[in-house]
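J.: Listed below are the residues making up each chain.
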Amino acid sequence: MILESHLLSMVLYSFFVSVVLALLRREDRKSQIRYGLSLFILMVLVALAFGWFMFLFSR
Amino acid sequence: MKSFAFFLAGWLVPGLGHLTQKKYWRGAIFLLAILAMTGLGLAMGGKIYPLYLKKPDNLGEVFFNLFKKENPLALLAFLADLGNLLIYVLSRLLAFGQGALERSTFEFGTAYVAGAGLLNYLIALDAFDIARGKKK
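First to last, the protein sequences are chains S and V.
With my numbering applied, the first sequence closes on residue 59, and no number is skipped along the way.
With my numbering applied, the second sequence closes on residue 136, and no number is skipped along the way.
Since the hints were derived computationally from the structure, they do not count as laboratory data.
Just so you know, not all the hints are guaranteed correct.
Derived DSBU-like pairs (lysine-lysine); straight-line CA-CA distance at most 30 Å [to be verified]:
| hint | chain 1 | residue 1 | chain 2 | residue 2 |
| --- | --- | --- | --- | --- |
| 1 | S | K30 | V | K23 |
| 2 | V | K2 | V | K136 |
| 3 | V | K23 | V | K136 |
| 4 | V | K22 | V | K135 |
| 5 | V | K135 | V | K2 |
| 6 | V | K134 | V | K22 |
| 7 | V | K23 | V | K135 |
| 8 | V | K134 | S | K30 |
| 9 | V | K23 | V | K2 |
| 10 | V | K2 | V | K22 |
| 11 | V | K135 | S | K30 |
| 12 | V | K2 | V | K134 |
| 13 | S | K30 | V | K22 |
| 14 | V | K136 | S | K30 |
| 15 | V | K23 | V | K134 |
These numbers come from a predicted model, not from an experiment.
Could you build all of it, start to finish, from the sequences and the hints given here?
T.: This is the structure we're talking about:
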C-alpha cells in the first residue's frame, strides 16, 4: 500500500509545502532555496519533537 | 477584472494563473506539486469532503444548517478541499475521493488533499497579486 510509513508521508508532505511556500514568499533563487530548506527542516524537526512529546502520554 | 480572471484560472487549475502570465517555471512547479499532493492523497485513500446541506425549513436556518451534521469540522475540510476547484468538481461528478476509512493511510491522505487545496488558495492569490502588479 502506498506510503504506509507515517514518517515518510510527513517528510514528503513537508517537502511539497516547503517548495510551494518558498516560491510564494521569496523572490530570488538564493533566498527561495534558503527559506525552503529552513522551512522543511523546521517542519520535520518540530513534527518529530511533538511526536516524542506525545509519546509521554501514550499510556 | 482581468486580475480576477487570473485568480479564477489559478483556482480552477493549480499554476494556470502563473502560466498564463508567462511565469512558466513557477506555474509548472505549482502544478506538479499540487497535483502530486492531491494524487498521493487520493492514492492513500484520502477523502474529499462534500458540502452536506440539510434542507432548511425556513430561510433563517440556511446558515445554521451548515453546522448541523455529524461533524461540524467537516465544513472546514470542505472549504480546504474546495481550494482545488477542478479536482473537487471532478470528484463530485466521477465519484472518487470517497475516502477509505479502513486504511491506515486514510488520515494522512485526507491531510494531503486538504493541504493541497489550502496551498492552491495561496497560489491563486499570488497570481492575482502578480496580475495587479503588486508582485513580480
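J.: Hint by hint, note whether the structure agrees.
T.: Outcome of the hint check:
Distance hint between K30/S and K23/V is fulfilled; the C-alpha atoms sit about 18 Å from each other, no more than 30 Å. Taken as a hint, the K2/V and K136/V pair is honoured in the structure, with Cα atoms around 16 Å apart against an allowance of 30 Å. The hinted pair formed by K23/V and K136/V meets the criterion: a straight-line CA distance of about 9 Å does not exceed 30 Å. Straight-line distance between C-alpha atoms of K22/V and K135/V comes to about 14 Å, which keeps the hinted pair within the 30 Å bound.
About 15 Å separates the Cα atoms of K135/V and K2/V, which keeps this hinted pair within 30 Å; it holds. In summary, the hint linking K134/V to K22/V is supported, as the alpha carbons are separated by about 16 Å, within the 30 Å threshold. Taking the CA atoms of K23/V and K135/V, the gap is near 12 Å; set against the 30 Å cutoff, the hint holds. Proposed proximity of K134/V and K30/S is supported: the alpha carbons are some 21 Å apart, at most 30 Å.
For the suggested pair K23/V and K2/V, the alpha carbons sit about 16 Å apart, so the restraint of at most 30 Å is met. Of the supplied pair hints, the one linking K2/V and K22/V holds, its CA atoms being roughly 15 Å apart against a limit of 30 Å. A threshold of 30 Å between alpha carbons decides the hint, and for K135/V with K30/S the separation of about 18 Å falls inside it, so the pair holds. Restraint check: the Cα-Cα separation between K2/V and K134/V comes to about 14 Å, which is no more than 30 Å; the hinted pair holds.
For a cut-off of 30 Å, the pair hint linking K30/S to K22/V stands: about 21 Å separates their Cα positions. Straight-line distance between C-alpha atoms of K136/V and K30/S comes to about 16 Å, which keeps the hinted pair within the 30 Å bound. Only pairs whose Cα atoms come within 30 Å are accepted, and K23/V paired with K134/V is accepted, the gap being roughly 15 Å.
When the structure is compared with the earlier hints, no violation turns up for any of them.
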